[in-house]
Amino acid sequence: DAGVIQSPRHEVTEMGQEVTLRCKPISGHDYLFWYRQTMMRGLELLIYFNNNVPIDDSGMPEDRFSAKMPNASFSTLKIQPSEPRDSAVYFCASSTLGNNEQFFGPGTRLTVL
Amino acid sequence: SQQGEEDPQALSIQEGENATMNCSYKTSINNLQWYRQNSGRGLVHLILIRSNEREKHSGRLRVTLDTSKKSSSLLITASRAADTASYFCATDGAGGGATNKLIFGTGTLLAVQP
Chain A
79 DAGVIQSPRH
89 EVTEMGQEVT
99 LRCKPISGHD
109 YLFWYRQTMM
119 RGLELLIYFN
129 NNVPIDDSGM
139 PEDRFSAKMP
149 NASFSTLKIQ
159 PSEPRDSAVY
169 FCASSTLGNN
179 EQFFGPGTRL
189 TVL
Chain B
580 SQQGEEDPQA
590 LSIQEGENAT
600 MNCSYKTSIN
610 NLQWYRQNSG
620 RGLVHLILIR
630 SNEREKHSGR
640 LRVTLDTSKK
650 SSSLLITASR
660 AADTASYFCA
670 TDGAGGGATN
680 KLIFGTGTLL
690 AVQP
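Sequence lines, in order, name chains A and B. First residue of the first sequence? That's 79 in the working numbering, and the numbers climb one at a time after it. First residue of the second sequence? That's 580 in the working numbering, and the numbers climb one at a time after it.
Isolated chain B, as found in the complex:
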C-alpha cells in the first residue's frame, strides 16, 4: 500500500480561492516533501518539511506537519489557473531510520477555474 495517501483525490476551485490538500502516512519519517506535476511533465519539488518542524512557508505555499497524527497539509493561497496540476506528498518513512528513497502518495488533482 502507499506510504502517503492524499485527500481529496480531486479538487476544483475558482481562481483566487485557497486550496488545501492533505496527506497521511504510515511510518515515522525524517522529512516529508510536496511535489507538483503538470500534465505530461515530470514532478517538480515544491517544499520539504523536516520531522521536527510543524509549519513551513514558501511564497503562496504553506505546509504543516503533525507527526503525532502522521499527517501533513499543503495550502495554496490565492490560487491561479497556472496552479492546475497534480500534487503529491512523498515521505522517506522507514521507522525513523536513515533512508535514501522517497515513497510517493497517490496525488491530488487540482483544477483552478479562471
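Just chain A, with the same shape it has in the complex:
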C-alpha cells in the first residue's frame, strides 16, 4: 500500500481564493482525520469521518472551512475564502479504529498571501 496520499504537497494562493486539499486514505481504514499544524497552536484536529460520515467537526475553525468524504477512498478539505491566518501544514490521517494507530500523509503546506 502506498500509504496515505495527499495533494498538493505545496499550495501558495492569494487571500480570498478557494483552496481544496485532497486526501486518499489507506484502503480498508474506516476512519479519516484532518489536522492542522502551526508553530503557535501545534497539531489540531479539525474533523474526522467514520465510514465516510462526518462524526466530529468541532475543530473546524469557522464556516470558511468545509470537508467532504464522498467515498471510502477520497476526502477533501476546502477553505473558501482563504485568509493569511490559514497558512499552516494540513495533514490527513487514517486508521482502522479511531483511537488506534493513525497513519499520516506527508501533509500539504499551505501559504496564503
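Simulated from the structure, these hints should not be mistaken for laboratory data. The structure presented is a predicted model; accordingly, all values stated were derived computationally and were not measured. A hint or two may mislead.
Claimed, not checked - SDA-like, lysine to any residue: derived pairs with alpha carbons at most 25 Å apart: (1) K649(B) - E179(A); (2) K102(A) - L625(B); (3) K605(B) - G120(A); (4) K649(B) - N597(B); (5) K635(B) - A589(B); (6) K605(B) - N178(A); (7) K605(B) - I133(A).
Use these hints to put chain B onto chain A, whose structure you have.
Same frame as chain A, but now just chain B:
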C-alpha cells in the same frame, strides 16, 4: 488546553546517550501513543500502551505509563543522529469512555548531536 503536554520542550544530547521525554495528560484514557515527526514530514506511530499496562518496549524504545499520576515517559536508548525529530504523545482521553479520536500534545524537539 492540550490534553497532553510534553516535557521538556526541547532536548539536546550526544549520540549514544539516552533521551527521556515525559508526557502529562488530564483525563482518564484507554490508551496513550507516541509519535515521531521528522522535519517537513508527517507523524509516524512509534508505540501504543494501554491503560492497564505499565511498561512497553519496542527496539530501543521504552514507554512507561502511570495512570495514577496521569503521566507517561518515552526513553530512547543509545540515541543516534537519525533520532533527531519531534516526539508527540497522544491520548484518547475522554473520561475513560470509548473515544474515536486522539488529542496530541505539544511535542518535544530532540536533537542528537553526532
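We went through each hint and held it up to the structure:
Annotation: proposed proximity of K649(B) to E179(A) holds, straight-line Cα distance about 20 Å (limit 25 Å). For the proposed pair K102(A) and L625(B), the alpha carbon gap of about 22 Å is at most 25 Å, so the pair holds. Between the alpha carbons of K605(B) and G120(A) the distance comes to roughly 18 Å, so the proposed pair stays at or under 25 Å and holds. Among the hinted pairs, K649(B) with N597(B) is consistent with the structure: their alpha-carbon atoms are about 23 Å apart, no more than 25 Å.
At roughly 24 Å between alpha-carbon atoms, K635(B) and A589(B) fall within 25 Å of each other, so this suggested pair holds. Of the supplied pair hints, the one linking K605(B) and N178(A) holds, its CA atoms being roughly 19 Å apart against a limit of 25 Å. Taking the CA atoms of K605(B) and I133(A), the gap is about 23 Å. The hint holds against a cut of 25 Å.
Going down the numbered hints, you'll see the structure goes against none, and every one checks out.
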